[in-house]
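Asks: These are the residues of each chain, in order.
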Amino acid sequence: MAKYMIRPSRRAVLSSLAAASLVSAGRRVYAAPAPIRVGCTLALTGPLAQTALVHKLAAEIFVADINKHGGLLGRSVEYVLYDDQSRADQTRSLYEKLITVDNVDLIMAPYATAATLAAISVAQRYGKIIIYSSMAQVYLATYDRAFPASHGGPHPEISNPKVILDAWASTPHPPQSIAIAASKFPSALFEAKGVRDLAQKRGIKVAFYLEYDFPSRDMNPIAARFKDANADLVWLGCLGVEANQLIEAMTKIDYKPPRSFYLFPASGPLASAPGGEGATAFSNYEEHPPMDKFKGADVLIPAFHERAKAAGMPYTRVDFQAATEFAAWQMLAAAAQATSSLDDAKMADWLKHHQVETVVGKLRFNEEFNCGDDLSKVKQVQKGKWQVVWPVAFRQPGTTFIAP
Amino acid sequence: MPSVTLLGQAVIAGVLIGGLYGLLAAGLSLSWGLLKYINVSYFALAFLSAYLTYQFGTFNGIAPWWSAVILVPAFFLLGVLQHWTFMRLRVTELTSLVVTFGLAVLIESLIQWIWTADFRKYESGFSGLTSKIGPFFVPTLDFLALVSATILAIATWSWLRWTYVGKALRAAAMDPEMASAFGIDHRRLSFLLSGICSAYAAVAGIFIALIATLAPSEIGTWIGVAFAVVIIGGVGNPLGALLAGILIGFAESVTMAVTQPAWAPLVSFTILIVLLLWKPRWT
Amino acid sequence: MDVIRHHGLAAVLVGAFLLFWVPMFGFPAYYETFLYSIFFWIAIASSWTILGGYAGYFSFGAGAFFGVGAYTTATLTTWYGVPFLWTMPVGAILAGLIAVAIGAVVFRLNTLRGELFALITLAITFILATIVSNTPLDGGSGVYLLSVKVPRLMPSTNGTMYVIALLLAAGAVTIAYAIQYSRFGMGLFAIHDDEDAAEVKGIPTFRYKLIAFAISSAIAGAVGSLSAVYVGYLAVPDTFSLTLPLYAILMCVLGGRRHWLGPAVGATLITVALNLSTSGADPVAGKAAVAAAMVLVVLLVPNGIVAVPRGKKRGVSEVAALASAVVPPLPAANTDGKVLLVCREVEKSFGGIRALHAVTLDVREGEILGLVGPNGSGKSTLINVVSGHFRAGSGTIEFDGTELRDLSAHAIARRGIARTYQIPRPFERLSVLDNVALCASFGAGTGVLAGRREAAHWLDFTGLAGKAEALPSELNLHERKFLEFARALATRPRLLLLDEVLSGLNSAEIEGAIALIRRIRAGGTTVVFVEHVMRAVIALSDRIAVLDHGMVIALGEPQATMRDPKVVRVYLGKASAA
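Chains as they are written, first to last, in my numbering: chain A, 1 to 404; chain B, 1001 to 1283; chain C, 2001 to 2578.
A hint or two may mislead.
Unchecked claim - Pair by pair, the computed Cβ-Cβ distance ranges are: (1) A:P172 to B:T1140: 50 to 58 angstroms; (2) C:V2082 to A:R202: 40 to 48 angstroms; (3) C:R2152 to A:K352: 24 to 32 angstroms; (4) B:L1081 to C:N2110: 53 to 61 angstroms.
Simulated from the structure, these hints should not be mistaken for lab results.
Note that the coordinates shown come from a computational prediction; the quantities given were computed from them, not determined experimentally.
For every residue, glycine included, the Cβ atom is placed at its ideal position computed from N, Cα and C.
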């Protein structure tokens, strides 16, 4: 058991802190400028802690890397992180603290929709630029210095369902019917409604459209309903482990849907689930060709494997959560470098008119809500690993979309 | 109109999950009714047991039944130790709620510290096992959970009802002074019971590990329904807790099968309120 | 003591007044949001304690009423463009009304106390959450309120939010304070200790619980309304949460749930602790440390940091002074033989067992009537029926021309009927003086201060003046019985029902009690007493009534009645059977 304790990581954190302080102490001798402080909160405890940890690692990797290469604008970068305890009111208060007490130079958005909105409202009050990486409903971010790193385009409720249904339409036997169940979670619901509407428009029969309570304790009845409807495509607007719960529940009643899609599953558990083979899900990044050659991937992927393992995480591959967080930092750094300043107005203005090369691809921000292209992809569990299968350009050479 | 297969399958699913509810609620019910401790730490203990089952099974190759052989006695002792500590520190019925809540947070923190906040799934290889009865499927693990819950609940209930020790415990819960006047050593018996409560958490945890996916924050999602189960079933009554668990599981499951699943809590909690208003004490 | 507690409130209000100006000084905004969260929890915890701490009705429903306020504001501002400040009172009132509707059903059932009440409130939270989540009020997608205009009460939005939260917190604490030291508050404390006894002592328990529930819920609703705009985004699971009542309970238990200041102290400590543990370096350790600290504090001070003030020990002379100061003498003995209480054909059954059958009985003003009979003959049931503890199945009970059968116990008490319990049922957490003052205040309908003076008089009368500040648990049985007397007498009853007041007393104590009962009657009070000690019955009674199997078998002058062959049969038959 001891080998899975997070001691090593704590030691690593401590030693890196010590190293950081040595470095900064060393610099002070040469009258080096003070570090650029970037403030952020994450849900390190509470119900959102599973995914927040991924964001923390990705951010730390970026900061460590940029400091290794001389920092930003000739100054080292310091990551100022608080735990918002998965609470939006705490998030608001902590961003006020970051800005008005800690006087950080820049801020980065927290994890999850409610916290992101809370942070954006604080940022707006102080005119800070804020880049967010985990909020699908971009239309809620009306603040003109808020930029998404999670690229779903300005109207994800229209473009995302299109990506999903296009993927299936490309297969030899496209589904003729679809059964939809979605968690009562804002981003899951709007995707589910979008898929329902688009399916109807395309003449795909919608066997049912259901909403269930979040978080769900019991997926067995939903599984029974999917089996009963026996549609060509099972579409679950799920979060976290609900995908695993549903697959197990379906296995128990001896039902394996011909095609299945899971919106935001927990990547690790679903990839390794016995009944998970062939399941598809939403993505914008997986660490295989061609995406492992994208800008920064060479830094992110090995470092993430190492840090995730040291932190005792069971699944250590880079997925879209880690990649999007990393991309957010790439955007921030790019804007600062290009404008040679930490001025929020200048940086925001630059981002609006330029494209940024990031680990998730080339991003632009010149459309509504500071959005650009919808870079959404569909991934599939193949031999226990996630493979992007759609759009075709992002497929690993030699892989196909396995479908009936 | 839902098909018979769907309805039947939903009924089976509901009844079976009731077994897990019953196991999870039994410790709270017994300690609340008979020890006068509203002990919410059992939910956290159940997850500790679940994580240990996961750990043993995934990294040490110990099968879940061997985990049970280790965990049930270990948790029994843990329960006794906990009770001894509570008595030494003069925890009362009211403060027990705060103390055990704090304890639950500590256990949750311990779990997050050791296993991180990330999801853990124990791939035991049994999760897909199922048997077919007519058009219906009965998942083996869920069924085993219900059977274990039933055996334990009936055994505990009979023990409390028919044996001297059980009667003495109930008498002591009702009137400790009177009971001690009859020479009942409430303290010694209460250790036995506290151990049993904690052992229930261990059993519940083993099944949680086998059936569910683990995350430290999942502890909280069971508290609401477990409290409801305890109170509908009658505080201090393990058999009542099991029956109430089955009732709630059944009601939720059937609602989810025939209407918008999101309305399920409305149905089960309305049933609860109606039952309370109509006949609050039937245990 | 009064001086100290008034200083306490004054300090809190002066503090609130000073804090009010904080936003003017341009401190970093973080401090406003930090204090905001403290005020938020002070308001929630104080509102919880009004029902949960004072009346002992643990509610898990804070989240439900908080949610009602939050979604009222969300709906009114985003759908109808109602200004935010107007929606706050609407949210509060709506939350209060829903509480009244729920309470009107739930509080009528005597069975729904304790954990069952807690469960009902838990269920209501889930039901309201499900409704909001499945209707256009939210629909599951959340409601976005960042565009709602916040009025400029202060230079900044943060400052405005801060000031509103401050006012809510100060308001909640003041309300908790005002209730604690009012008649209403005393009534709630009595409900907490022994609800049935409270009702019999003249406290309108149903109405009081309803009011407490409504006030508590309305405050939670107002906080919810504010919070909706503060956070700017509502989602059902976070709004109708169990976290809210759980934290409120923790804060109240930690700070002291039977004191107006307790929740505020607990809320401040826990909020500060939670903020200290937000370090990103080791958040898990921080969380664990807060939990450990909470456990330690509760173990060290189980009644909360701010316990109920026991006050300084009042000397005997002080109580005596209080007593002699005011109390007017009892009305002169009235022995004209007018009938005060008439029972006609009273029936009462429990399940299949008939406890009272065709009981017809009259009690004359100024007399002492003894009720005797073997165990289980229905004597205590008769007292319980007359005092309204049980409702008669049929028949009429008239008191001075008023029909009592359909009146609730507290209304009967206020008409001048007082009773004692065979096993004394004092309010265990109130001092002896407060126990009596409360009965005086409710039974006789006086104010709190007048009640205390009255109480002091009756403590003097029963010889308990020296124990005025003791808790009932510190009294011996004899003193507890006399406390029962004092509590009954303090209501200045016209009819006093005594249920086996002599049982368990030694013969010297019995002599004292007999003398006391004589003095009571001399004061003009009519007495009906149930007793097994025949010596006392014969010595005291003007008339006796003998009950057997729920029926009155004899009634009349003591000596003659006891010689009645029917009575002899009952007693000797009993004796020979034994």
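Asks: For each hint, tell me whether it holds in the structure or not.
Replies: Now the hints, each set against the structure:
At about 36 angstroms, the CB distance of P172 of chain A to T1140 of chain B disagrees with the hint of 50 to 58 angstroms. A hinted range of 40 to 48 angstroms for the beta carbons of V2082 of chain C and R202 of chain A is consistent with their spacing of about 42 angstroms. Restraint check, R2152 of chain C to K352 of chain A: a C-beta distance of roughly 31 angstroms satisfies the suggested window 24 to 32 angstroms. Between L1081 of chain B and N2110 of chain C the beta carbon distance is about 39 angstroms. The supplied range of 53 to 61 angstroms is therefore violated.
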